[in-house]
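Visitor: On the provided structure of chain A, position chains B and C as indicated by the hints.
Protein chains in written order, with my numbering: chain A, 1 to 220; chain B, 1 to 640; chain C, 1 to 306.
Hints were generated in silico from the structure; no laboratory data involved.
Among the hints, erroneous ones may be present.
[To be verified] In silico DSS-like pairs for lysine-lysine, Cα to Cα no more than 30 Å straight-line:
(1) C:K28 - C:K150
(2) B:K401 - C:K150
(3) C:K150 - C:K163
(4) B:K153 - B:K99
(5) A:K26 - A:K74
(6) C:K52 - B:K524
(7) B:K444 - B:K104
(8) C:K163 - C:K28
(9) B:K154 - B:K524
(10) B:K127 - B:K27
(11) B:K313 - C:K163
(12) B:K127 - B:K24
(13) B:K401 - B:K99
(14) C:K52 - B:K313
(15) B:K483 - B:K127
(16) B:K154 - B:K104
(17) B:K98 - B:K313
(18) B:K401 - C:K48
(19) C:K48 - B:K313
(20) B:K605 - B:K547
(21) B:K103 - B:K158
(22) C:K52 - B:K401
(23) B:K524 - C:K48
(24) B:K152 - B:K608
[To be verified] Simulated restraints on C-beta separations:
(25) A:R27 - B:N584: 38 to 48 Å
(26) C:L282 - A:A176: 41 to 51 Å
(27) C:A173 - A:R27: 40 to 50 Å
(28) B:S52 - A:S97: 42 to 52 Å
(29) C:V170 - A:E209: 52 to 62 Å
(30) A:I4 - C:E249: 29 to 39 Å
(31) A:L210 - B:D604: 24 to 34 Å
Values in this document were obtained by computation on a predicted structure and should not be read as measured data.
Yeah, the Cβ is synthetic: ideal placement off N, Cα and C, and Gly gets one too.
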Amino acid sequence: METISQFLILAIIFCNFFLLFSHSTKRLVDLAAIQGVLAAFLPLLNSREFFFEPFIFALIVIILKGFFFPSILKKIIVKNSAYEEKRREYYGHISWSMYLLIFFVSVWLSTRLNFDVETSAWILPASFMTIFCGFLTIILKSQTVSQITGYIVLENGIYCFGTAIFIHQPLMVEAAILLDIFVAIFVMGMAVFHIGREFKDSDSDSLGELREVFEEEAQK
Amino acid sequence: MAIIIASSLIFLFAAFLNLSVFSKYRKVNFINSVISFFASLIGFGGALAELSYGGKFSPINNSSFLTYFRLDYVSCFFLLALYLIVVAVSIYGNDYLKKMEEKKQLNFFWMNFHILVFSMCGVLLSKNAFLFLLFWELMAFSSFFLVMTDHKKKEVQKAGLIYLCANGAGALFLIAAFSLTSDSYFNFAPAMSGSTLAFFFFLVGFGLKAGFIPLHIWLPEAHPAAPGNVSALMSGIMIKMGIYGIFRALSLLSPWQQSWGWTILLIGIISSILGVIFALAQHNIKKLLAYHSIENIGIIMIAMGLGILLNLKGFNELSMLSFCAAFLHTLNHAIFKSLLFMSAGSVMQASGIGEIDELGGLARKMPQTAFFFLIASAAISGLPFLNGFVSEFIIYYCSFKALSSDSLFTVFSVLALSITGALALACFAKAFSVMFLGSPRKIKTESVVETGKYMRAGMAILSFFSILIGILPYFSFNFLFSKFSPILTESHVWHEISRIFIFFTGTYLCAIFFFAVFMFMRRKIVSENRVDLAPTWDCGYLASSPKIQYTGSSFANPLIEFFSIINPPSASYPAIRGYFPSDNSYSSHPRAFFYETLYKPSIDKMRKMASFFSFIHGGNLRMYVLYIFLSLLALILWKI
Amino acid sequence: MENIKLFLQAVIILFAAPILPGIINRVKAFFGGRQGRNIFQLYFDIYKLFNKGIVYSNTTTLIFRIAAPAMAALSCIAALIMPFGGQSGLLSFSGDFILIVYLLALSRFLLIISAMDTGSPFEGMGASREAQFAVFAEPVFFMSILTLSKITGESSVHGIFSKLSPVLWVENAPVLFLIVLSLFIVMLCETSRVPFDDPDTHLELTMIHEVMVLDNSGPDLGLIFYASAIKLWILGSFVSAIIMPRHSEIFWLDSLIYISGLAIVAISAGVVESVMARVRLLRVPQFLLAAFSVAIMAFVFQSLKG
Numbered sequence: 001m002e003t004i005s006q007f008l009i010l011a012i013i014f015c016n017f018f019l020l021f022s023h024s025t026k027r028l029v030d031l032a033a034i035q036g037v038l039a040a041f042l043p044l045l046n047s048r049e050f051f052f053e054p055f056i057f058a059l060i061v062i063i064l065k066g067f068f069f070p071s072i073l074k075k076i077i078v079k080n081s082a083y084e085e086k087r088r089e090y091y092g093h094i095s096w097s098m099y100l101l102i103f104f105v106s107v108w109l110s111t112r113l114n115f116d117v118e119t120s121a122w123i124l125p126a127s128f129m130t131i132f133c134g135f136l137t138i139i140l141k142s143q144t145v146s147q148i149t150g151y152i153v154l155e156n157g158i159y160c161f162g163t164a165i166f167i168h169q170p171l172m173v174e175a176a177i178l179l180d181i182f183v184a185i186f187v188m189g190m191a192v193f194h195i196g197r198e199f200k201d202s203d204s205d206s207l208g209e210l211r212e213v214f215e216e217e218a219q220k
Numbered sequence: 001m002a003i004i005i006a007s008s009l010i011f012l013f014a015a016f017l018n019l020s021v022f023s024k025y026r027k028v029n030f031i032n033s034v035i036s037f038f039a040s041l042i043g044f045g046g047a048l049a050e051l052s053y054g055g056k057f058s059p060i061n062n063s064s065f066l067t068y069f070r071l072d073y074v075s076c077f078f079l080l081a082l083y084l085i086v087v088a089v090s091i092y093g094n095d096y097l098k099k100m101e102e103k104k105q106l107n108f109f110w111m112n113f114h115i116l117v118f119s120m121c122g123v124l125l126s127k128n129a130f131l132f133l134l135f136w137e138l139m140a141f142s143s144f145f146l147v148m149t150d151h152k153k154k155e156v157q158k159a160g161l162i163y164l165c166a167n168g169a170g171a172l173f174l175i176a177a178f179s180l181t182s183d184s185y186f187n188f189a190p191a192m193s194g195s196t197l198a199f200f201f202f203l204v205g206f207g208l209k210a211g212f213i214p215l216h217i218w219l220p221e222a223h224p225a226a227p228g229n230v231s232a233l234m235s236g237i238m239i240k241m242g243i244y245g246i247f248r249a250l251s252l253l254s255p256w257q258q259s260w261g262w263t264i265l266l267i268g269i270i271s272s273i274l275g276v277i278f279a280l281a282q283h284n285i286k287k288l289l290a291y292h293s294i295e296n297i298g299i300i301m302i303a304m305g306l307g308i309l310l311n312l313k314g315f316n317e318l319s320m321l322s323f324c325a326a327f328l329h330t331l332n333h334a335i336f337k338s339l340l341f342m343s344a345g346s347v348m349q350a351s352g353i354g355e356i357d358e359l360g361g362l363a364r365k366m367p368q369t370a371f372f373f374l375i376a377s378a379a380i381s382g383l384p385f386l387n388g389f390v391s392e393f394i395i396y397y398c399s400f401k402a403l404s405s406d407s408l409f410t411v412f413s414v415l416a417l418s419i420t421g422a423l424a425l426a427c428f429a430k431a432f433s434v435m436f437l438g439s440p441r442k443i444k445t446e447s448v449v450e451t452g453k454y455m456r457a458g459m460a461i462l463s464f465f466s467i468l469i470g471i472l473p474y475f476s477f478n479f480l481f482s483k484f485s486p487i488l489t490e491s492h493v494w495h496e497i498s499r500i501f502i503f504f505t506g507t508y509l510c511a512i513f514f515f516a517v518f519m520f521m522r523r524k525i526v527s528e529n530r531v532d533l534a535p536t537w538d539c540g541y542l543a544s545s546p547k548i549q550y551t552g553s554s555f556a557n558p559l560i561e562f563f564s565i566i567n568p569p570s571a572s573y574p575a576i577r578g579y580f581p582s583d584n585s586y587s588s589h590p591r592a593f594f595y596e597t598l599y600k601p602s603i604d605k606m607r608k609m610a611s612f613f614s615f616i617h618g619g620n621l622r623m624y625v626l627y628i629f630l631s632l633l634a635l636i637l638w639k640i
Numbered sequence: 001m002e003n004i005k006l007f008l009q010a011v012i013i014l015f016a017a018p019i020l021p022g023i024i025n026r027v028k029a030f031f032g033g034r035q036g037r038n039i040f041q042l043y044f045d046i047y048k049l050f051n052k053g054i055v056y057s058n059t060t061t062l063i064f065r066i067a068a069p070a071m072a073a074l075s076c077i078a079a080l081i082m083p084f085g086g087q088s089g090l091l092s093f094s095g096d097f098i099l100i101v102y103l104l105a106l107s108r109f110l111l112i113i114s115a116m117d118t119g120s121p122f123e124g125m126g127a128s129r130e131a132q133f134a135v136f137a138e139p140v141f142f143m144s145i146l147t148l149s150k151i152t153g154e155s156s157v158h159g160i161f162s163k164l165s166p167v168l169w170v171e172n173a174p175v176l177f178l179i180v181l182s183l184f185i186v187m188l189c190e191t192s193r194v195p196f197d198d199p200d201t202h203l204e205l206t207m208i209h210e211v212m213v214l215d216n217s218g219p220d221l222g223l224i225f226y227a228s229a230i231k232l233w234i235l236g237s238f239v240s241a242i243i244m245p246r247h248s249e250i251f252w253l254d255s256l257i258y259i260s261g262l263a264i265v266a267i268s269a270g271v272v273e274s275v276m277a278r279v280r281l282l283r284v285p286q287f288l289l290a291a292f293s294v295a296i297m298a299f300v301f302q303s304l305k306g
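Chain A extracted, bound-state conformation (with noise of 0.2 Å):
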């Protein structure tokens, strides 16, 4: 049971790293719905007893974050033609040394929460190296898509957390996670289809040159 789950947690981590490294959307999208179900299935190892509640809510984690949210989001990529991220200068270089620095700070940070978990000990390292994953995968990458696919990561992230510390009301906590991604991918995704419509680029930088043009025109 345990090495299941360390192995869960291993792969999770492995999704994290093929983050900060794929260059095609399509596989950011995959790899974040893979880590979703992944990371669902996670309490199911946890629970001692047999209870029905917990994989019918795997079930619709599954069902949401692997099929729901990345037909959404390939939709908006097919839509906006945004297949690829911009290279940029020293990307390798500065992906790479953040991730290690990610690595330590989140090993360091667990040693000093003293919780005792139920799965292995590993999992508080990998939530937040996900958690800080997301935020990063916001950050680095150009096009919006990728940015709602780093926020998706992020409450992974804070799934895994979930599922190692709420011991008493899991279900609880999680559906009110899930809700919260649910309508956030929702919105954005709306949100992200109607700019790509719009402006026929949706990537973040180019965005950012809307501001000058809408302080130009607040200037006339």
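Guide: Structure of chains B and C alone, referenced to chain A:
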């Protein structure tokens, strides 16, 4: 001890001779190098005898006759390294300076040389803070004059200035440090409170001489500017005076603290990795070697930091073994760095060029110099069969033996050593192969001849010792370190290391045996078939010319590009104008990163701030009398 | 009896090493729907090369002439130090893996300078890339060995291998999995396999090891092929010792498990070669740094647990 004092006094006497008698003669090179050779040979013999008897060879050692000097194990070891290098450099100097002798008179040069050696002996022997500083400053001044031998050139002047400033700053820190730790008779007293401050001052003061990052800026300027044998002497043994000083400081400030060990370890790691990264980008051979000195000083600091941290964790024998590794690496580095500088000097003299990218194919004309450079390159990369591997192996061994849950520093030292080993291998494969192998790139090798026999003799001595320590590590390690500390010699760790060294020798002999078998097989096969000579096939490339060979910067390019985030080269190329193709050029130079980003801006800022106060120095005599009157008034008022 | 076993070990290692590249090529052929080369093809190639004459380039010096036999000798010695089956190699001491790695580094140094000796840009290109990859691959190797040393508490290769057992796997499965992954990547890098180098093509963009030996001919080339097969054996043993731990104390059974472990490693290398393309040269350092992060993760997780 008497022998050593005698030999150092010979050096002093020779210095005076140079000043007085030899100024009449024109050609003093030969006799000076002969005096230096014999004096250092005497000193080397004395140091060997002292080392093998554990400091009890001469009855003077424990007498009260020379209260201000003493010879203990560590001094003896460093003296051994010093005299070995001076023996080789003296013979080398005989031939090397012949060309310089035709232009000017060399007695001033040799006077400074002798004073330098004398003062280094004095530093190593003195027990008193005042004498230590006296000899230290003497060492600084004499080496400054040696660096400025070619003082007409602008870059030599700049190098001399930076070196002088570094020496002065170092001396200031040392004075502060010694004043914190000595009593009024300048004898070393146990540390008073604030020993971390004293440690910091010692570290900075000796660091400016040893040359770890970020105090290294004088090294890449001074070593290329100095003549070849001076660079060999300076980089070989003078830098190690800084290491000696740090070790003495550590033994003075006796309860070691965790933070000191971590500071030295981190400084060592940063110096070793950054030093070799900076070295990769260089294309002047002497600058490349200077940056490599920084890297090896980093490795020595790693070993010392490891020793301190192991001691604090309770691994006493491993800690002493670490310090043995630090000293052994000091000796090894002295040997192979001097060898590298000497062979680089002979290449520069034979070809007149110091840029790696313009040389090539020199191994045909200078086979022995190429051989010595190869031995030294393989040694500095820490490859087996040679001495660099022995000291690096001991550091690895200590780290692996002490690996437990709270000793994170062992992981850092292992990783740092492995990274610098691989980078040093890349750098020296580049340097050696671009300089000596392939076809000549811009130089005409018809006029290149093999260097004179004295230069080769000097290099041969050092290669002999390098190979000796490398292939017979058991005997060398036993000879050098069995008297270091009785606790270490009786311990289980010592037996294990000795056993391992015997295994090394066995492995090397087996490898040589296999090599002989394969060569024999090949010769037997090939004698029946043919051996042909043809132009390089290179997968059928028809139009090969020396210009399309890989140069040093091409070789190192992937690594330079990877590390360009911390060390961007400065490239200059004029813009391409006009419609039709014509001549254009491109040049890229590695920048001196710390000097340009850290030191130069702060020096410029300080100059600007200082110029605010320039109104005080009005030049008006009556203003100065006013100042005298005001300060007298202030003193009177203060006393009342 | 012990001496006979040692002698038998040495003979098996030195003579069985060229099968491994044969296995890899057969697996690649299987993926390509062909029958492929004979498994023993490398033996025939080496034999053929040993019967030929040599052509030396007239730019080269003595270094070029001694490089190939020296490389083969060093690799053979390094292979003899490696443990075999449950036994130790000819020598076993604390830190012997350092000697093995540095002997292989010396042979790499000789290969690099003999490549630059020919004065050709192709070979210089291969030399520069080989030097670059080593910089990133060595720390990964040392980090994995550090982790293994921490798990087993031993500091010699034989000690580590003898402590590896199925029980250790049950306790430390994810960490050992990570170590196997990073050691496998190091093996692919150092022996110049896809995704770092393509041993089949001879174009300038895709080769690193092959291009350095372009000007070697005859017995020299045979010795270099042999040396690279032995290097594959050495680095593959590290992986196979972890994935097939063996402890039955019976020499024949242990040796059989060991050799079959090596065969599994060779088959997986073949699968990776057939399935993956070569990574872009500029991305190779990142790939190796990824392996380094995997090794660091293994070490940190091991410390977290223990």
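Visitor: Against each hint, give a clear statement of whether it holds in the structure.
Guide: Results of checking the hints against the structure:
no. : hint                        : result
1   : C:K28 - C:K150              : violated, 36 Å
2   : B:K401 - C:K150             : holds, 10 Å
3   : C:K150 - C:K163             : holds, 11 Å
4   : B:K153 - B:K99              : holds, 17 Å
5   : A:K26 - A:K74               : holds, 7 Å
6   : C:K52 - B:K524              : holds, 12 Å
7   : B:K444 - B:K104             : holds, 28 Å
8   : C:K163 - C:K28              : violated, 34 Å
9   : B:K154 - B:K524             : violated, 59 Å
10  : B:K127 - B:K27              : violated, 39 Å
11  : B:K313 - C:K163             : holds, 26 Å
12  : B:K127 - B:K24              : violated, 38 Å
13  : B:K401 - B:K99              : violated, 53 Å
14  : C:K52 - B:K313              : violated, 61 Å
15  : B:K483 - B:K127             : holds, 21 Å
16  : B:K154 - B:K104             : holds, 19 Å
17  : B:K98 - B:K313              : violated, 55 Å
18  : B:K401 - C:K48              : violated, 47 Å
19  : C:K48 - B:K313              : violated, 59 Å
20  : B:K605 - B:K547             : violated, 45 Å
21  : B:K103 - B:K158             : holds, 22 Å
22  : C:K52 - B:K401              : violated, 49 Å
23  : B:K524 - C:K48              : holds, 15 Å
24  : B:K152 - B:K608             : holds, 29 Å
25  : A:R27 - B:N584: 38 to 48 Å  : holds, 42 Å
26  : C:L282 - A:A176: 41 to 51 Å : holds, 45 Å
27  : C:A173 - A:R27: 40 to 50 Å  : violated, 28 Å
28  : B:S52 - A:S97: 42 to 52 Å   : holds, 51 Å
29  : C:V170 - A:E209: 52 to 62 Å : holds, 58 Å
30  : A:I4 - C:E249: 29 to 39 Å   : holds, 32 Å
31  : A:L210 - B:D604: 24 to 34 Å : violated, 42 Å
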